[in-house]
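Protein chains in written order, with the numbering used here: chain H, 1 to 122; chain B, 1 to 466.
Don't read these hints as lab results, they were simulated from the structure. Just so we're clear, the structure is a prediction, and the values are computed from it rather than from any experiment. Built from N, CA and C at the ideal position, the CB exists for glycine as well. Any given hint could be a false lead.
Unchecked claim - From chain B, some residues computed to sit far from chain H (all C-beta separations above 12 Å): (1) N23; (2) L28; (3) R53; (4) L148; (5) I160; (6) L196; (7) K390; (8) V454.
Said to hold, decoys possible - Derived DSS-like pairs: lysine-lysine, alpha-carbon spacing no greater than 30 Å straight-line: (9) B:K139 - B:K344; (10) H:K117 - B:K149; (11) H:K115 - B:K25.
As a plain string of letters, each chain reads:
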Amino acid sequence: METNLPVDYLPILIQFFVAAGFVVTTMVLTHLVGPKRDSKNKLESFECGIESVGNARNPFSIKYFLTAILFVLFDVEVIFMYPWAVNFRELGIFGFVEMLIFMTFLLVGFFYVIKRKALDWE
Amino acid sequence: MVALISLSILGVFSMIAGLFNVNTKAVLTISIVTILGVLGFTAGFHWNNDYSRFYDMLNFDNYAVAFTCAILGSTAILLLFSEHFFSNIKQYITEYYSLIIFSVVGMIAMVAFDNLAMLFLGIEIMSVPLYILVGSQKKNLLSNESSLKYFLMGAFTTGILLMGITLIYGETGSFDLSTIQSYFQENATDSSPILLVGLFFLLAAMAFKVSAAPFHFWTPDVYQGSPTFITAFMSTVVKIAGFGAFFRLFYICFAPISEVWTTAIWVMAALTITIGSITAVFQNDIKRLLAYSSISHAGYMLISLLMVKNVESEAFGAIFYYVISYSISSIALFSVIMAVQKVKDSSSIDAFKGLAKANPLLGIIAAVSIASLAGLPPTAGFLAKFYILKSTVESGYVWLALIAVTNAIIGIFYYFKVLIAIYFKEAEDQSLSLIASSLAYKIVAVLLVIGILVLGIFPDLVYSIF
Chain H
1 METNLPVDYL
11 PILIQFFVAA
21 GFVVTTMVLT
31 HLVGPKRDSK
41 NKLESFECGI
51 ESVGNARNPF
61 SIKYFLTAIL
71 FVLFDVEVIF
81 MYPWAVNFRE
91 LGIFGFVEML
101 IFMTFLLVGF
111 FYVIKRKALD
121 WE
Chain B
1 MVALISLSIL
11 GVFSMIAGLF
21 NVNTKAVLTI
31 SIVTILGVLG
41 FTAGFHWNND
51 YSRFYDMLNF
61 DNYAVAFTCA
71 ILGSTAILLL
81 FSEHFFSNIK
91 QYITEYYSLI
101 IFSVVGMIAM
111 VAFDNLAMLF
121 LGIEIMSVPL
131 YILVGSQKKN
141 LLSNESSLKY
151 FLMGAFTTGI
161 LLMGITLIYG
171 ETGSFDLSTI
181 QSYFQENATD
191 SSPILLVGLF
201 FLLAAMAFKV
211 SAAPFHFWTP
221 DVYQGSPTFI
231 TAFMSTVVKI
241 AGFGAFFRLF
251 YICFAPISEV
261 WTTAIWVMAA
271 LTITIGSITA
281 VFQNDIKRLL
291 AYSSISHAGY
301 MLISLLMVKN
311 VESEAFGAIF
321 YYVISYSISS
331 IALFSVIMAV
341 QKVKDSSSID
351 AFKGLAKANP
361 LLGIIAAVSI
371 ASLAGLPPTA
381 GFLAKFYILK
391 STVESGYVWL
401 ALIAVTNAII
411 GIFYYFKVLI
421 AIYFKEAEDQ
431 SLSLIASSLA
441 YKIVAVLLVI
451 GILVLGIFPD
461 LVYSIF
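Please put together the full structure from these sequences, using the hints given.
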């Protein structure tokens with residue numbers, strides 16, 4: 001970066017206004033131009049075609065939560081495989097060994113989760 | 001490097017050991033022996049033998065080695081004292097060990113970092129096990145509350161830390177400490193606003209981790225709510241690591257533009273000491289009292305950041321001596337609290353009435369550690385404060401030294417409130433005489449008391465190692 005003046009950030013400012021302007025314009029336009037047919041069927045929330053029943057804010061079993069968290073955990077850890085796959089040839093045997101170590105620790109964690117019965121439903 | 005790998009494997013080992021119902025005493029022994037072995041290896045192999053790894057992301061120089069040894073040593077002593085705490089717990093004991101060890105791995109990365117990415121990683125690896133440990137008493141409402149509080153605030157601070165690192169990267173183009181330092185040396189006069197905002201974001205995040213005012217509000221609630229053993233861990237080992245990172249970042253990396261941040265540190269140190277010691281006077285719960293006392297100690301340690309113009313080895317010696325003396329005195333006092341809590345369910349100061357008569361050994365440990373925390377000679381705490389104040393005056397911050405001395409006198413008042421309860425009050429019931437400690441506990445406790453006194457008489461053992 002040669003200069004460091006506020007004017008250098010002008011493109012970012014313009015882009016910001018264009019982005020905000022697009023959102024505002026489309027929202028206003030659809031409300032003005034679009035047809036309005038207010039009926040019970042139209043205003044109901046869409047649940048894959050099934051009629052919705054009751055309130056969504058019910059207490060539910062903590063097990064769902066645990067499973068969801070563990071899913072996110074392992075899901076995110078597997079993302080580390082992608083950069084390795086892309087650079088598989090360049091990293092060579094070094095990368096392979098590193099990945100083996102990583103997978104070992106991952107599987108130890110998985111083993112722990114299963115042995116502690118965190119995934120048992122009953 | 002060896003320290004990081006072997007401790008990680010140790011953590012995994014004790015996690016798996018819990019699954020197979022391995023004897024928890026055996027796991028504890030293996031953990032302590034491994035930690036002490038790693039300590040010995042680090043001190044013996046890396047001292048005066050700079051050692052960079054991972055493309056200069058970690059650098060085990062003498063400073064990092066000293067702090068690593070302090071962290072490992074304090075952890076080992078704490079684990080040796082854990083018997084009273086774990087005797088009341090039935091489940092998941094090895095998980096406690098493994099989480100503590102994982103946390104220590106993060107701390108080693110924190111004190112040895114040479115790259116801001118590694119600092120972030122270290123802080124995260126340290127904090128995430130702590131969030132769990134703080135809330136480890138699942139049925140206790142206070143424990144849950146403090147875990148949630150600590151997690152929410154800690155996660156938010158992590159965001160601020162990352163933002164600071166990003167802004168500094170944006171201006172200097174590097175995460176590497178030496179590159180950032182040389183950038184500051186070249187552009188010391190015209191530092192841009194972005195850089196300053198980044199620097200103060202980092203300052204805020206680090207101040208949160210060491211609970212310096214005005215970022216200290218989480219400390220009393222979290223320290224009171226968490227299990228006592230974890231409180232001891234947080235107020236000693238975590239504090240060492242926090243200051244290790246703080247000092248490495250500001251004293252070494254940001255030294256060329258010290259004019260920018262010394263005023264902020266001045267104000268923060270004065271505020272931290274004053275708020276900590278004045279609020280501590282009104283506390284009736286010993287864990288809350290020690291939380292405020294740890295805040296005010298953090299203030300004294302912050303002062304050492306102001307010695308940028310002093311000789312480097314002198315400043316290193318002063319902070320390291322303070323950290324060591326604070327840590328061993330606190331651990332000794334917490335070992336007494338854990339012993340008392342085993343027979344009494346409360347942590348109020350009244351629970352300690354008549355302790356000296358019922359159990360003279362615990363009385364002596366408490367007396368020496370409290371004297372050291374209050375800063376009375378001939379204990380280590382006295383010289384720790386002395387060295388800090390000496391260099392404060394030498395650096396020209398006379399007013400700050402005056403504030404610190406005034407608060408040290410207030411400190412004597414609230415520390416002695418505990419001591420009076422232990423020595424001069426009559427016990428309400430006979431439960432205190434039921435405390436039974438193992439021989440190992442007694443030996444370690446006596447060694448610790450001797451250590452506090454020896455450090456106070458021969459300070460050069462620690463003060464002039466750099």
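A quick look at each hint next to the structure:
With a closest Cβ-Cβ approach of about 18 Å to chain H, B:N23 is found to remain outside the 12 Å limit, as its non-interface label requires. With a cut of 12 Å on Cβ distances, B:L28 stays outside the contact zone with chain H, its closest approach being about 19 Å. Taking the minimum C-beta to C-beta distance to chain H, about 14 Å, the non-interface status of B:R53 holds against the 12 Å cut. The claim that B:L148 lies off the interface holds: its Cβ sits roughly 15 Å from the closest Cβ of chain H, which is beyond the 12 Å cut-off.
The claim that B:I160 lies off the interface holds: its Cβ sits roughly 23 Å from the closest Cβ of chain H, which is beyond the 12 Å cut-off. Distance check for B:L196 against chain H: the nearest CB is about 14 Å away, which clears 12 Å, and the non-interface claim stands. Look at B:K390: its CB is around 43 Å from the nearest CB on chain H, clear of 12 Å, so calling it non-interface holds up. Every Cβ of chain H is farther than 12 Å from the Cβ of B:V454; the closest lies at roughly 42 Å, confirming the non-interface assignment.
Only pairs whose Cα atoms come within 30 Å are accepted, and B:K139 paired with B:K344 is accepted, the gap being roughly 18 Å. As the CA atoms of H:K117 and B:K149 are separated by approximately 28 Å, the hinted pair is consistent with the 30 Å bound. Taken as a hint, the H:K115 and B:K25 pair is honoured in the structure, with Cα atoms around 22 Å apart against an allowance of 30 Å.
This entry satisfies every hint, going by the numbered hints stated previously.
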